[in-house]
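Peer 1: Sequence:
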Amino acid sequence: MVRNIANMVPPYDQTKYSGAGSAIEYAVLHLKVENIVVIGHSCCGGIKGLMSFPDDGSSSTDFIENWVKICSAAKTKVAAKGEGLSFEEQCHSCEKEAVNVSLGNLLTYPFVREAVVNGAVSLKGAHYDFVKGTFELWDLDFAISPSIAI
1 MVRNIANMVP PYDQTKYSGA GSAIEYAVLH LKVENIVVIG HSCCGGIKGL
51 MSFPDDGSSS TDFIENWVKI CSAAKTKVAA KGEGLSFEEQ CHSCEKEAVN
101 VSLGNLLTYP FVREAVVNGA VSLKGAHYDF VKGTFELWDL DFAISPSIAI
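Residue numbers (UniProt numbering): 1 to 150.
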């Protein structure tokens, strides 16, 4: 289990986010997990921060803003579709979209991608709404082709 602010999975990068990358690598290659589930949750402070932080490149924190910007694509998608929604509703939507971004980021890890292609690992997204007492679980609809050496 990896727990961090907003339960985000960063994209594969051997020079950054090595804590998350090493946990994912160990789970897939050594523990041989069959499922990876990324779970977002209601009233998430990390997502509220992502939705609140300015997009102008300024930063008021040393680590938090750079971390939550991992899922800036979720913020962009929600902002484009969220016209007329309250800030709280936008955050709720972003909690789920950030899970989808993280699932996509998992596929940037070569060992995850190969395990998915080979049917050894399944990726799932989920959202726990502890206010309403609901838990949603979904598969990310994507197509993937095996890696080839050139």
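By construction, these hints were calculated from the structure, which means they are not laboratory data. Check before you lean on any hint, since a few could be wrong.
[Unchecked claim] List time: in silico SDA-like cross-link candidates among lysine to any residue, alpha-carbon distance up to 25 Å: (1) Lys81 / Asp62; (2) Lys16 / Val33; (3) Lys48 / Glu25; (4) Lys124 / Glu25; (5) Lys69 / Gly21.
[Said to hold, decoys possible] Between beta-carbon pairs, the in silico distance windows are: (6) Phe87 / Ser58: 39 to 49 Å; (7) Gly133 / His30: 15 to 25 Å; (8) Gly84 / Asp55: 13 to 23 Å; (9) Lys132 / Gly57: 15 to 25 Å.
Just so it is clear, CB atoms sit at the ideal spot from N, CA and C, and this is done for glycine as well.
Peer 1: For every hint, state whether the structure bears it out.
Peer 2: Hint check results:
A distance of roughly 30 Å separates the Cα atoms of Lys81 and Asp62; the hinted pair therefore is violated under the 25 Å criterion. Distance restraint check for Lys16 and Val33: the Cα-Cα separation of roughly 24 Å lies within the 25 Å cut-off, and the hinted pair is therefore satisfied. Proximity of Lys48 to Glu25 is assessed by CA-CA distance (about 29 Å); at most 25 Å being required, the pair is judged violated. The straight-line distance between the Cα atoms of Lys124 and Glu25 is roughly 17 Å, inside the 25 Å bound, and the hint therefore holds.
Between the alpha carbons of Lys69 and Gly21 the distance comes to roughly 17 Å, so the proposed pair stays at or under 25 Å and holds. The hint said 39 to 49 Å for the Cβ distance between Phe87 and Ser58, and at roughly 20 Å that hint is violated. The hinted range of 15 to 25 Å is not satisfied by Gly133 and His30, whose Cβ atoms lie roughly 36 Å apart. One distance hint, 13 to 23 Å for the beta-carbon pair Gly84 and Asp55, holds here, with the actual separation near 20 Å.
Between Lys132 and Gly57, the C-beta spacing of about 36 Å breaks the proposed range 15 to 25 Å.
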